[in-house]
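K.L.:
Turn these sequences into a full structure, and let the hints guide you.
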Amino acid sequence: MDLFVQTIVNGIIQSGFYALASIGLVLVFGVMRVVNFAHGELVMVGAYTVWLVHAQNGVPYLFTVVLAIVLVTGIGLVMERFLFRPMMNDPLGGLICSIGVLFILQVIATYVGGEGPSKQVPPPFEGTMVIMDSIRIPYQRLFSICVCAAALVTLWYFLTRSKLGWAVRAVSMDREAAALQGISTVRISMVAIGVGAAMAGLAGALMAPLTNINPHMGHNVIITAFIVTIVGGIGSLPGAVIAAVLYALFHTFMTTYFSGTIATISGLLIMVLVLIVRPTGIMGHRVSE
Amino acid sequence: MNIQHQRESRRKFLKQVAAGAATVSAAGFIPGRAFSANKTLTVGMNIPMTGDLAPWGLPGFYGCEIIANNINAAGGVTIGGETYDLQIATYDHAYETDKAVQGMKKLVLEDDAKMVMMLGGATVAAVLPWATRKKVLTTTLLPSDITPDSEYLIATCESHPLYNVTGVEYLAREFPDAKTAVIVTNNDVEYGLQSTATYQAAFEVAGIEVVDTNLHGFDVTDFAPIVSSVLAKNPDIFCMATSFYVTPIMEQLYHQGFTGKIISCTLDYYHEIIEKTSVDFVNGTIFQFPDFDDPALLESGISFPDPAGFDAAFRKDHPNDWSAVAWEYPVILLNWLENAKAAGSVESEDVTAHMTGNKQEFVFGGGDWWGSQLWGLDNVLIGRWPVVVVTDGKARIQEYGDLAGWLDANKDVLVKHMKNLGLRTV
Numbered sequence: 000m001d002l003f004v005q006t007i008v009n010g011i012i013q014s015g016f017y018a019l020a021s022i023g024l025v026l027v028f029g030v031m032r033v034v035n036f037a038h039g040e041l042v043m044v045g046a047y048t049v050w051l052v053h054a055q056n057g058v059p060y061l062f063t064v065v066l067a068i069v070l071v072t073g074i075g076l077v078m079e080r081f082l083f084r085p086m087m088n089d090p091l092g093g094l095i096c097s098i099g100v101l102f103i104l105q106v107i108a109t110y111v112g113g114e115g116p117s118k119q120v121p122p123p124f125e126g127t128m129v130i131m132d133s134i135r136i137p138y139q140r141l142f143s144i145c146v147c148a149a150a151l152v153t154l155w156y157f158l159t160r161s162k163l164g165w166a167v168r169a170v171s172m173d174r175e176a177a178a179l180q181g182i183s184t185v186r187i188s189m190v191a192i193g194v195g196a197a198m199a200g201l202a203g204a205l206m207a208p209l210t211n212i213n214p215h216m217g218h219n220v221i222i223t224a225f226i227v228t229i230v231g232g233i234g235s236l237p238g239a240v241i242a243a244v245l246y247a248l249f250h251t252f253m254t255t256y257f258s259g260t261i262a263t264i265s266g267l268l269i270m271v272l273v274l275i276v277r278p279t280g281i282m283g284h285r286v287s288e
Numbered sequence: 000m001n002i003q004h005q006r007e008s009r010r011k012f013l014k015q016v017a018a019g020a021a022t023v024s025a026a027g028f029i030p031g032r033a034f035s036a037n038k039t040l041t042v043g044m045n046i047p048m049t050g051d052l053a054p055w056g057l058p059g060f061y062g063c064e065i066i067a068n069n070i071n072a073a074g075g076v077t078i079g080g081e082t083y084d085l086q087i088a089t090y091d092h093a094y095e096t097d098k099a100v101q102g103m104k105k106l107v108l109e110d111d112a113k114m115v116m117m118l119g120g121a122t123v124a125a126v127l128p129w130a131t132r133k134k135v136l137t138t139t140l141l142p143s144d145i146t147p148d149s150e151y152l153i154a155t156c157e158s159h160p161l162y163n164v165t166g167v168e169y170l171a172r173e174f175p176d177a178k179t180a181v182i183v184t185n186n187d188v189e190y191g192l193q194s195t196a197t198y199q200a201a202f203e204v205a206g207i208e209v210v211d212t213n214l215h216g217f218d219v220t221d222f223a224p225i226v227s228s229v230l231a232k233n234p235d236i237f238c239m240a241t242s243f244y245v246t247p248i249m250e251q252l253y254h255q256g257f258t259g260k261i262i263s264c265t266l267d268y269y270h271e272i273i274e275k276t277s278v279d280f281v282n283g284t285i286f287q288f289p290d291f292d293d294p295a296l297l298e299s300g301i302s303f304p305d306p307a308g309f310d311a312a313f314r315k316d317h318p319n320d321w322s323a324v325a326w327e328y329p330v331i332l333l334n335w336l337e338n339a340k341a342a343g344s345v346e347s348e349d350v351t352a353h354m355t356g357n358k359q360e361f362v363f364g365g366g367d368w369w370g371s372q373l374w375g376l377d378n379v380l381i382g383r384w385p386v387v388v389v390t391d392g393k394a395r396i397q398e399y400g401d402l403a404g405w406l407d408a409n410k411d412v413l414v415k416h417m418k419n420l421g422l423r424t425v
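Protein chains in written order, with numbering that gives the first Met the number 0: chain Y, 0 to 288; chain R, 0 to 425.
Simulated from the structure, these hints should not be mistaken for laboratory data. Some hints here could point you the wrong way.
[Claimed, not checked] One-sided excerpt, in silico: chain Y residues whose CB lies under 8 Å from chain R:
1. Leu-2
2. Gln-5
3. Asn-56
4. Asn-88
5. Thr-109
6. Gly-115
7. Pro-116
8. Thr-210
9. His-215
10. Asn-219
11. Thr-254
12. Thr-260
13. Thr-263
14. Ser-265
Note that the coordinates shown come from a computational prediction; the quantities given were computed from them, not determined experimentally. For every residue, glycine included, the Cβ atom is placed at its ideal position computed from N, Cα and C.
P.N.:
Here it is, written out as structure tokens:
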């Protein structure tokens with residue numbers, strides 16, 4: 000029973016990272032119809048920022064989290080202005096550009112951090128909360144899941160309660176119709192990639208004290224984000240959040256009771272099954288030609 | 000050459016290297032080769048210097064640089080009547096097999112490397128056909144690379160993962176109440192599975208039951224579920240075998256309140272683990288790779304020139320890069336130089352013949368050629384191996400284990416576990 004409850008706790012904590020990492024991918028695809036392959040590397044940049052500024056130079060952790068968000072948002076905006084916008088009508092071109100950015104960011108990370116072992120960030124929040132003598136939640140993870148939840152609620156509020164958020168959703172639903180209503184699709188694209196990149200930067204900054212940081216860490220992030228995005232429904236933000244929670248719980252249970260390898264294979268199989276049986280995913284919708 | 004004479008020249012050579020180290024320390028580093036009229040002797044390192052396995056390549060190069068600088072500062076090395084300055088040529092294959100083949104050819108054909116040091120695994124398997132055909136003396140840290148036909152492939156330092164049995168022997172003797180163990184490690188054939196088979200054999204011999212073995216892939220980003228899963232079996236011992244993920248696993252053990260014994264092949268960058276957990280938690284962890292400022296390396300029978308000076312020089316230039324391989328490639332280099340001196344030649348055929356045809360002193364004492372029982376060729380040099388325990392936040396050698404004795408007595412148990420995991424044996 001203890002293991003079962005601990006596994007649920009582990010899964011919920013993991014779901015926050017999956018959701019944050021996937022949201023950006025969904026936003027950018029929904030609004031710009033570009034598959035941003037460099038999204039995992041944006042998470043990596045967030046983590047590297049915390050390592051470099053906080054762990055190496057002693058700047059307070061919370062400040063470096065904000066810095067990571069600002070920096071990664073900046074990178075996202077540069078990508079939008081100089082790569083994705085010129086490729087607006089060429090999704091394949093945008094995808095190839097994002098792959099180029101992926102490699103560039105990896106090389107920069109290698110240059111900044113040097114070669115050698117993965118980077119480690121000592122946890123700013125030490126200690127572990129013990130519930131009923133058996134369920135254990137490290138304070139760092141507790142902090143992370145709270146911030147993840149707060150970020151997702153803020154995003155939800157922004158998208159459903161602000162005019163700009165409505166515009167983002169409108170462009171995501173139908174770019175042409177939104178433009179005909181007077182919405183600046185260029186401006187909304189900037190907002191979408193800015194918000195998506197900010198979420199990626201936040202995810203990286205929160206993950207930094209909990210994982211091995213290296214230039215290639217984005218690889219696993221993007222695979223998970225793709226699974227979550229496809230299962231949730233491509234372009235669907237609520238779908239991504241629901242899929243993130245379900246996938247995190249599924250993966251954690253499979254890893255705990257079977258093995259990590261079976262968990263990963265099963266996750267990919269589910270993605271394939273969804274593509275075959277229900278290509279729109281949990282919350283996606285069919286778009287007529 | 001008789002053994003006594005060989006030992007004397009070995010000691011003389013090691014003293015020269017130590018003197019070189021003192022010269023470099025006293026005068027600051029002067030690039031000897033810039034003023035030297037000596038010929039150049041090139042030794043190659045075809046290793047991962049970037050990518051995930053860089054920690055098991057790059058620190059070795061840094062270590063060899065120190066040795067080469069010391070030798071050159073002492074006037075070079077005389078082999079066959081010719082005095083050479085030593086040069087280390089590197090090729091970064093990033094642990095990719097096609098690059099490893101390219102690197103081998105570049106080092107041998109363009110740089111004229113007389114011996115090539117490698118990490119081992121798939122990259123060695125890739126270069127082996129060409130290197131064997133060209134009779135290039137190649138070294139590996141993974142003796143499981145050796146095949147009955149790999150005449151020019153030797154392992155003169157690390158006998159991964161055989162030496163892990165010494166840690167288990169120590170643990171079983173010092174903590175007789177620890178009777179159950181779990182093993183968590185990566186599921187690759189070269190490191191994880193080889194090490195798992197060895198630990199399983201060692202635990203069986205020691206009367207310790209392995210209650211769970213969790214072999215995971217390289218895509219794990221969160222070790223919480225894996226650690227929760229195995230800790231549910233209430234093990235007395237947590238074994239990480241040869242894991243690439245020691246730090247995050249240790250962190251999870253800490254947060255999930257594990258209080259039993261921890262044993263691992265490596266504990267690279269253990270100071271970072273302490274930063275992420277606590278000194279008290281990491282204290283008592285058993286592993287196999289010493290720091291070289293360890294006083295136990297000053298006792299007789301250790302064949303390494305000024306270990307503490309080497310450790311200090313390394314950490315001065317590369318304060319955060321010391322890993323298990325930092326001293327291993329230098330050990331291989333020194334052993335090769337000694338044999339080249341004794342053979343009076345730098346050519347692969349001569350040095351290999353001298354090496355494998357004569358008794359060698361292992362860096363930590365002892366020294367027997369072994370390997371045919373598992374891999375078909377006695378090209379692995381085994382000897383005493385240190386058992387290291389973190390004490391007051393510092394890695395300290397507790398004893399030197401008798402690897403040869405264990406293998407003589409328990410080889411069949413090891414073969415059984417290797418076969419169970421589908422690993423190649425003769």
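K.L.:
Can the hint on Y/Pro-116 be confirmed by a CB-to-CB distance to chain R that is less than 8 Å?
P.N.:
holds, 4 Å
K.L.:
For the restraint on Y/Thr-263, tell me whether the closest CB of chain R is nearer than 8 Å.
P.N.:
Interface hint status for Y/Thr-263: holds (6 Å vs cutoff 8 Å).
K.L.:
Just to be careful: measuring from the Cβ of Y/Asn-56 to every Cβ in chain R, is the smallest value less than 8 Å?
P.N.:
violated, 15 Å
K.L.:
For the restraint on Y/Asn-88, tell me whether the closest CB of chain R is nearer than 8 Å.
P.N.:
Violated. Min distance 35 Å.
K.L.:
Tell me if the interface restraint on Y/Asn-219 is satisfied: Cβ within less than 8 Å of some Cβ in chain R.
P.N.:
holds, 5 Å
K.L.:
Any CB of chain R closer than 8 Å to the CB of Y/Ser-265?
P.N.:
Status violated, d = 13 Å.
K.L.:
Holds or violated: the hint that Y/His-215 contacts chain R, with Cβ atoms closer than 8 Å.
P.N.:
Holds, about 7 Å.
K.L.:
Checking hints one by one. Is Y/Thr-260 an interface residue toward chain R, by the C-beta closer than 8 Å rule?
P.N.:
Y/Thr-260 check passes; min Cβ-Cβ to chain R is 5 Å, inside 8 Å.
K.L.:
Would the stated hint for Y/Thr-109 survive a check requiring a Cβ distance to chain R of less than 8 Å?
P.N.:
holds, 7 Å
K.L.:
Tell me if Y/Thr-254 is really an interface residue toward chain R, meaning its C-beta lies closer than 8 Å to one of theirs.
P.N.:
holds, 4 Å
K.L.:
Are Y/Gly-115 and chain R close enough, Cβ to Cβ, to be under 8 Å, as the hint says?
P.N.:
holds, 5 Å
K.L.:
May I ask you to test the interface hint for Y/Leu-2 with respect to chain R, counting a Cβ-Cβ separation under 8 Å as satisfied?
P.N.:
Since chain R brings a Cβ to about 4 Å from Y/Leu-2, closer than 8 Å, the hint holds.
Of the numbered hints stated above, those contradicted by the structure are hints 3, 4 and 14, listed in ascending order.
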